[in-house]
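Residue strings, one per chain:
There are 2 protein chains.
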Amino acid sequence: MDDRTLLKTVMDIVGRDHCLDDCAIIPFGDQVMVLTTDMLHASTDFLGGMTDWQIGWMSAAVTLSDIAGMGAKPQYLLLAVGLDHWQQLAGVMQGAQNCCKKNGATIIGGDIDRHCELTVVSTGLGIVEKKYLVRRKGAKPDDLICVTGTCGQAQAFLEGYSQHKLALFEPQPRVEEGQILGRAGVSAMMDVSDGIALSLYDLLEANECGFAIESSKIPRPTGIPELQAKELALFGGGDYELIFTCAKEKHPIMGIQYTVIGKVITNHQVLIDGEILEKRGYQHQWK
Amino acid sequence: MDDRTLLKTVMDIVGRDHCLDDCAIIPFGDQVMVLTTDMLHASTDFLGGMTDWQIGWMSAAVTLSDIAGMGAKPQYLLLAVGLDHWQQLAGVMQGAQNCCKKNGATIIGGDIDRHCELTVVSTGLGIVEKKYLVRRKGAKPDDLICVTGTCGQAQAFLEGYSQHKLALFEPQPRVEEGQILGRAGVSAMMDVSDGIALSLYDLLEANECGFAIESSKIPRPTGIPELQAKELALFGGGDYELIFTCAKEKHPIMGIQYTVIGKVITNHQVLIDGEILEKRGYQHQWK
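Those protein sequence lines, which keep their order, are chains A and B.
Note that the first sequence covers residues 17 to 303 in my numbering.
Note that the second sequence covers residues 17 to 303 in my numbering.
Take the hints with a grain of salt, since some may be wrong.
Copies of the same chain look alike in the list, so a pair counts if it fits in one copy or across any two.
To be verified - Derived lysine-lysine pairs resembling DSS-like cross-links, with alpha carbons at most 25 angstroms apart:
| no. | residue 1 | residue 2 |
| --- | --- | --- |
| 1 | Lys146 | Lys264 |
| 2 | Lys264 | Lys233 |
| 3 | Lys264 | Lys156 |
| 4 | Lys117 | Lys24 |
| 5 | Lys146 | Lys303 |
| 6 | Lys24 | Lys118 |
| 7 | Lys303 | Lys118 |
| 8 | Lys24 | Lys295 |
| 9 | Lys264 | Lys279 |
Treat the hints as calculated values from the structure; they're not laboratory data.
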């Protein structure tokens with residue numbers, strides 16, 4: 017059982033519409049509030065060698081990234097922290113606080129709990145003008161498919177490339193970039209936390225059209241053999257870049273670095289170099 | 017180390033003002049949004065014998081109770097669920113959904129994670145007119161101290177009184193009552209999740225004045241010897257009643273059942289029958 021299959025259980029109970037974006041969407045006058053929550057914990061997410069400060073930073077960053085993926089401006093964060101060792105709390109809070117401050121958000125509340133392993137759930141609230149909100153749904157045939165930065169670096173560190181350590185330990189959410197893309201009117205967007213391949217399949221789930229990318233165009237982590245680097249960029253998790261689609265006439269979008277990696281197609285499938293792309297990447301698994 | 021001491025670490029980093037109420041407070045035009053998050057998990061909160069449905073119900077209820085404690089109307093809930101057995105998800109979601117529906121809220125998002133034990137973090141958003149918001153701060157000398165319902169029932173079940181099982185397994189957040197009390201203009205309020213004694217000390221932390229209660233006036237769980245019943249009502253956790261203070265001339269408040277258990281005093285202390293009340297109740301502890 018994997019988390020994307022399990023999500024269908026949730027859809028059956030709370031409704032499919034509430035499960036198709038990086039954040040929940042709440043109308044708010046001319047604006048829209050977006051709300052998102054993320055659970056991270058020691059055995060899966062906080063690797064040996066991470067400081068408490070980095071754990072806190074990461075916990076805030078993943079949530080701010082979801083807000084960025086909607087084109088919204090992060091405003092507030094709540095942090096529920098389950099601790100096996102209470103001594104870790106100060107470092108975790110400080111890391112989260114620094115990540116929030118850097119990205120214009122404020123920690124306004126939370127909860128403290130004793131737990132069998134360090135567990136942090138961050139909940140974020142962002143705001144965006146209704147007309148600049150970007151959802152996963154909205155891609156149109158012939159739109160360009162684009163990605164910010166370089167995916168695969170976090171996974172590269174896990175495979176022994178120590179130069180990519182900070183990509184995993186201190187992810188930088190694309191908060192400014194998300195808002196620039198929203199104002200530029202990109203047609204669909206999400207963050208790439210589980211790899212480019214799974215993100216394209218998530219976009220497929222939300223759209224009628226399909227997605228065709230070219231392997232030669234995908235930015236790859238440096239200092240890594242060619243084939244492995246491509247594998248990492250497509251299937252590695254733990255990066256927090258933005259993937260988006262955009263009408264050709266809007267490209268190039270000023271004030272932001274991104275790479276065009278393919279285009280939206282009419283057929284409802286995900287292709288790489290003309291072949292079906294394997295649906296694989298970071299997923300939670302249960303026996 | 018206990019959670020209330022540890023909270024001071026959080027106050028040092030994010031500011032004391034963000035830590036003094038059941039919910040965080042966000043200005044929202046003539047209204048105020050309140051936001052709160054709660055972490056519950058198997059080894060501490062979900063007792064043997066609870067169904068998945070009851071686990072979900074409880075997870076939503078504790079958060080809705082925090083919103084009720086501010087006089088606000090619950091609107092939205094996010095649920096982050098960490099699962100050791102994926103099969104539990106459907107029951108948990110259904111229980112949370114039913115609790116939300118009963119109390120006028122909607123589940124609009126969440127996260128699914130694999131975890132070493134079942135862990136549910138519910139985050140709730142409520143709305144209230146600014147003039148009807150009630151905080152922990154605001155009690156004035158000579159105000160009445162009042163409590164809804166009967167505290168100690170959840171703890172009574174833990175001590176072998178099986179007739180009180182539903183009090184623990186299916187707590188009913190005082191959502192309607194909280195809004196009635198807010199509109200009635202009570203001066204301070206919070207929910208009593210960790211017992212009356214600790215709640216009075218939480219109110220003490222937020223106010224300049226003090227609190228004097230009379231043991232004979234405190235409602236007690238039924239079918240239990242007198243002394244034990246008093247102990248449970250004062251120090252037992254797991255109930256989700258509301259404790260509030262209210263100017264004498266506003267009493268009685270129509271449309272709601274509550275009991276006057278004492279009055280607000282000038283001295284900054286918590287008294288029972290004229291003696292200092294022991295500061296004890298449900299707290300998370302770390303070695």
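A quick look at each hint next to the structure:
1. Lys146 - Lys264: within (23 angstroms within a copy, 47 angstroms between copies)
2. Lys264 - Lys233: within (17 angstroms within a copy, 73 angstroms between copies)
3. Lys264 - Lys156: Close inside one copy (11 angstroms), not across copies (64 angstroms); limit 25 angstroms.
4. Lys117 - Lys24: between (36 angstroms within a copy, 20 angstroms between copies)
5. Lys146 - Lys303: Neither: 42 angstroms inside a copy, 49 angstroms across copies.
6. Lys24 - Lys118: For Lys24 and Lys118, only the inter-copy Cα distance (23 angstroms) is at most 25 angstroms; the intra-copy one is 36 angstroms.
7. Lys303 - Lys118: neither (40 angstroms within a copy, 34 angstroms between copies)
8. Lys24 - Lys295: For Lys24 and Lys295, the Cα distance is within 25 angstroms only inside one copy (17 angstroms; across copies 46 angstroms).
9. Lys264 - Lys279: For Lys264 and Lys279, only the intra-copy Cα distance (9 angstroms) is at most 25 angstroms; the inter-copy one is 70 angstroms.
In summary, the structure is inconsistent with hints 5 and 7 from the numbered list given earlier, while agreeing with the others.
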